[in-house]
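Okay, here's what each chain looks like letter by letter:
4 protein chains.
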Amino acid sequence: MAGNTFGTLFKVTTFGETHGTSVGCIIDGCPAGLLLSASDIQRELDRRRPGQSTITTQRKESDIVEIHSGVFEGKTTGTPIMLMVKNADARSHDYDHLKDVYRPSHADFTYAKKFGIRDHRGGGRASARETLARVAAGAVAKKILAEQASIEIVAYVERVQDIDSVVDINTITQTDVESTIVRCPDIVAATKMIEHITSVGKQGDSVGGIVRCVIRNTPPGLGEPVFDKVSARLGSAMLSLPAVKGFEIGSGFAGTLKRGSEHNDSFFVEDGTVKTRTNNSGGIQGGISNGEPIHFRVAFKPTSTIAKEQETISSSKKSVLLRASGRHDPCVLPRAVPIVEAMAALTMVDLYLLQKIYG
Amino acid sequence: MAGNTFGTLFKVTTFGETHGTSVGCIIDGCPAGLLLSASDIQRELDRRRPGQSTITTQRKESDIVEIHSGVFEGKTTGTPIMLMVKNADARSHDYDHLKDVYRPSHADFTYAKKFGIRDHRGGGRASARETLARVAAGAVAKKILAEQASIEIVAYVERVQDIDSVVDINTITQTDVESTIVRCPDIVAATKMIEHITSVGKQGDSVGGIVRCVIRNTPPGLGEPVFDKVSARLGSAMLSLPAVKGFEIGSGFAGTLKRGSEHNDSFFVEDGTVKTRTNNSGGIQGGISNGEPIHFRVAFKPTSTIAKEQETISSSKKSVLLRASGRHDPCVLPRAVPIVEAMAALTMVDLYLLQKIYG
Amino acid sequence: MAGNTFGTLFKVTTFGETHGTSVGCIIDGCPAGLLLSASDIQRELDRRRPGQSTITTQRKESDIVEIHSGVFEGKTTGTPIMLMVKNADARSHDYDHLKDVYRPSHADFTYAKKFGIRDHRGGGRASARETLARVAAGAVAKKILAEQASIEIVAYVERVQDIDSVVDINTITQTDVESTIVRCPDIVAATKMIEHITSVGKQGDSVGGIVRCVIRNTPPGLGEPVFDKVSARLGSAMLSLPAVKGFEIGSGFAGTLKRGSEHNDSFFVEDGTVKTRTNNSGGIQGGISNGEPIHFRVAFKPTSTIAKEQETISSSKKSVLLRASGRHDPCVLPRAVPIVEAMAALTMVDLYLLQKIYG
Amino acid sequence: MAGNTFGTLFKVTTFGETHGTSVGCIIDGCPAGLLLSASDIQRELDRRRPGQSTITTQRKESDIVEIHSGVFEGKTTGTPIMLMVKNADARSHDYDHLKDVYRPSHADFTYAKKFGIRDHRGGGRASARETLARVAAGAVAKKILAEQASIEIVAYVERVQDIDSVVDINTITQTDVESTIVRCPDIVAATKMIEHITSVGKQGDSVGGIVRCVIRNTPPGLGEPVFDKVSARLGSAMLSLPAVKGFEIGSGFAGTLKRGSEHNDSFFVEDGTVKTRTNNSGGIQGGISNGEPIHFRVAFKPTSTIAKEQETISSSKKSVLLRASGRHDPCVLPRAVPIVEAMAALTMVDLYLLQKIYG
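Protein chains in written order, with the numbering used here: chain A, 1 to 359; chain B, 1 to 359; chain C, 1 to 359; chain D, 1 to 359.
The set of hints was computed from the structure by calculation and includes no laboratory data.
It does not matter which identical chain is meant; a pair holds if it fits inside one copy or across any two.
Straight-line distance between alpha carbons at most 30 Å, and here's what the computed DSS-like set of lysine-lysine pairs gives: (1) LYS143 / LYS113; (2) LYS99 / LYS258; (3) LYS318 / LYS275; (4) LYS60 / LYS86; (5) LYS356 / LYS143; (6) LYS202 / LYS308; (7) LYS202 / LYS60; (8) LYS75 / LYS86; (9) LYS258 / LYS60; (10) LYS356 / LYS317; (11) LYS113 / LYS356; (12) LYS356 / LYS75; (13) LYS143 / LYS86; (14) LYS258 / LYS317; (15) LYS202 / LYS258.
Could you put the whole structure together from the sequences, leaning on the hints where they help?
Here it is, written out as structure tokens:
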């Protein structure tokens, strides 16, 4: 209700502010008997970690995960799994000058209006540091999906501002994605993206773009009718991420330019398996998976924190000119890739577990 | 859990198949003391009704709502409101030839795989007739928002296939929208849209497009951090609609082409009120409303049911050529407008009620 | 949230007032493929029906159930099942004199305070007629438990005021229970109970008592740790019934008089099955079923509606003397038996389905 | 769903095993602006702490609470509050001999059957140490109720085995309760209880009893119709506690011995306030508070862990004789008092916040 829980069977409740003592989550509903170690989770956190490359923020945070409960002798016990990452000594005083300023396109003003109080240090709860807990939980979800159902989730940076890439979602692997620091497997595009992000960052500005994600080997039948369609669940998951402004599944907005006769995905049978000739549906029909790859795109706006001078106001409604100091990502997309995968995994594991009841 | 309930405080649970006896819903959580009559609901159902114009399906259904509970002497009592619409005598036998056929891009195959059984008559539960219950419940939500908080919701058809329109979302009214049968207030565009839909329908084909929606007079502070951001909730609501393939809020996908310095919405104060010079945020910052108009776009694919011959398979995995007979919408968008408004109202009323606790 | 939904996987949302047009429910989450006909449900409604014997209210209501959705060609489809019973022509004017009176130990005063409005006709939503929807949904739950897991639920009247019975919960059958109109299978006690209820009714007074229930053939492992223990779930289910003031499982309050060495249930193995020598635990240990019969007791207060004159107040806070006219149950227990069974079934089916995921 | 979350608006999700690194919880939904310090919580934890007196277990655990999030500059921010208590160096090896033994009337067997794996060290998640997290969260709930609504919650030990007490629930204070180590404010009874517990403990045996609780100054109108009655919610809360076998509200089981004319609570008006002459309803009518004190009783069975030799089985289904070593409570009731209060506070704060929406 108060917005910090995701999922209904594999329920993740997150906590923590960027300049508090720690961030983390409780997973309630993880099946018992899953082999789980800190390294399973750490691997994903490392993909999200600040300072990992020249095009991400240069803040150094090691982000070491601790498993506090729910695992006994290397296996999950079916009881709540609490995962926690201690925050490094944060330079909280860096934020003193923001105490009474509402940064443009941040959550400062809206949190102040909603709660009547806000933790101004780095955005507090509204900081993207909150996504760390999602990635930790997502690592567990991914493991269940991979081990129990061979479901694979791969995301990558498809576009940075207007630099687009060409990638085959049917064959792309995480290794391909990890081969460039911008996490775009089209090497030519990746090189341009890296140059552009570097250049924009030097100018004190920022850029956004699009992350694409594919979920392969999903069995038919996942998802629920009406309000819990796979598309609705995935859309909600992605649109809950900081900086996300759009979501489309399958043919998406471009699909609206086609006619029905062009857009419909014809069924055929190959080796006894029902398939579709095209996949404009994005693997989802009537909200339920049909066995084809589920693929979707997520639009991330340019980072709100920039070093350029901006017009804004103080909490006492006075005009203020603001120029961010500090170390920020000129483009969030490379670090967003594991986050998108995590949210996809959290969405799918819930539907996967639910289908065990009714399937 | 099984997908037929929307909302957490103003909870709507829907029921009914297109060729069953009735469709409807229970609203649990409607505040007591609201004046409510059947005509409040009927008005919205009439906007959704088949056969309302030359460009919608010519099926005749009167769709008369019955209020079965929760209203006493013209006022809501705080107890569950059951709304029901009896289905007209349906020509169920029209569907006999579809008993063993999976229509392309419909839910036939996925429902069969999920449940092991399906009601083939007109898609059963997966029929868009299910949205009737959403519109009925949405009418109640709209009334609460309008009367208690002066919140206005207006949607319209922005684009049909590639025919685009120009509309000012700050001033558009429902009267403007209702002035054309295609529900596009740009009269020049509307005329082209109507011609195009008519022409495409005659060819036995279908088209999709984009519905845009604006929510005005929303107070700052609605929405919840992290997973229940307004954007996530609205996105989930829209992506749960039949035929929807994409959702974007504020600048959306186009916003990814801008730099941060162009995209950020500068704050200023006018007559003591905090405003933003641009509204790329779409009225939502950090997931929470900032008082500016909330605006978003919803992509609807072309209708799956077409009269043209299509390749598909039978339930025994044999190839089949299919040609739909019957009376179908060549374009769902005109009838989708009240449905989008209903889902927006259901989303916002939940967040509005929640804010009463914490605001 | 607003209290009209029971269950998390097999979710039942009820609606209706005693003098509205109808009462009923939507079941969301019923597995597909279950054979289900109106007669499966009618049988249970008939056990709850007013006017069924000389010791229940003499109101005549036929209470015919209609299945509005979710069943196709005699089987459930996995979509919502809407069940409805139309209310007979009610003598609403019988209640005109109660419009401004708060009946003692009824919900009149509390509903007026909570909602600022109330339907005074027969208690409106607070009427025990609401339990009809529970019995209808419970019939479906019972069918699933019986057919899929051979789980049996049998309740009976154990005590009426101070008239107690002796019954073996390990062997008692529903046929035994139905053999007397008071639903107590101890014939000697039953005869006394019937006489007592008849006599008390003639005096314009009422009595309460205890319903006992046993759930047999439950597999070990149902229930969830911590907050969703079987005991907590059953307790919540029973305490949500009108007139219920107490619940105890296994040894209950009497168990507090024993020492640990007397109260502990020793394990032993018989024919390869783990059993306990005693069953003070009531089949539940650590909140989870251990395979022994689950048994519990439910305390029903004497009916609040009596023909004797009582002191009370009006809504304008004036003293009033009240004497109920009309036809009321002098003792609700005989009709409470199928209701207790229904709530037990609704509780257990939810835990049974949940265990399919994790078991 | 998986049982570790309590509440719907003020949601508490707990984690931790007795011999893991820590136990704690996340509170999601605490209103912003509440003054909150660790000492507010520590005070309640100290009342629950082992080793606090001669009649509780002599294990020494300091149970120091850490607030990890949701509090900024001494006030709650409306974001999740994570509370954690590190476990002291536990003597896990004390439990090696229990690795393959199912202790009678413990959760050992049922957890093994449910999850296929169990943490045998001190019961793991099923240990009563889990209630520590409830007490921590309950301290926050109590503070909200006291400060915002002057609602008072006082519990005490009413009976130990057959030693009963006489206490006036209308005037009893926490100071009275804390005046004896057994937490019974009737000094004569308390003395007998202490002697009895001491004597039973020396014999290696255990006893149970009854905790009674009163909630005063509750405004009328709290609670929801049908399934979320105050009685159902409180019952569920109490029956979710380890060792609880029964719950009764108001007149409870004893009330079933009265006639309706004796049991009904007549309304009258005093100084403009509506009151009842008796309070058999326990402050709840139709499931909703009427403004009278809410009072209820909770039955705790004798502690399952005893030093006497008991018959049981191993996980390989062999007969075993078991004699507990270690330091255990011969009677849990003195330490159960703050736990009952905590669960009452968690229940009431949820209903209190909900009423802000609809009241």
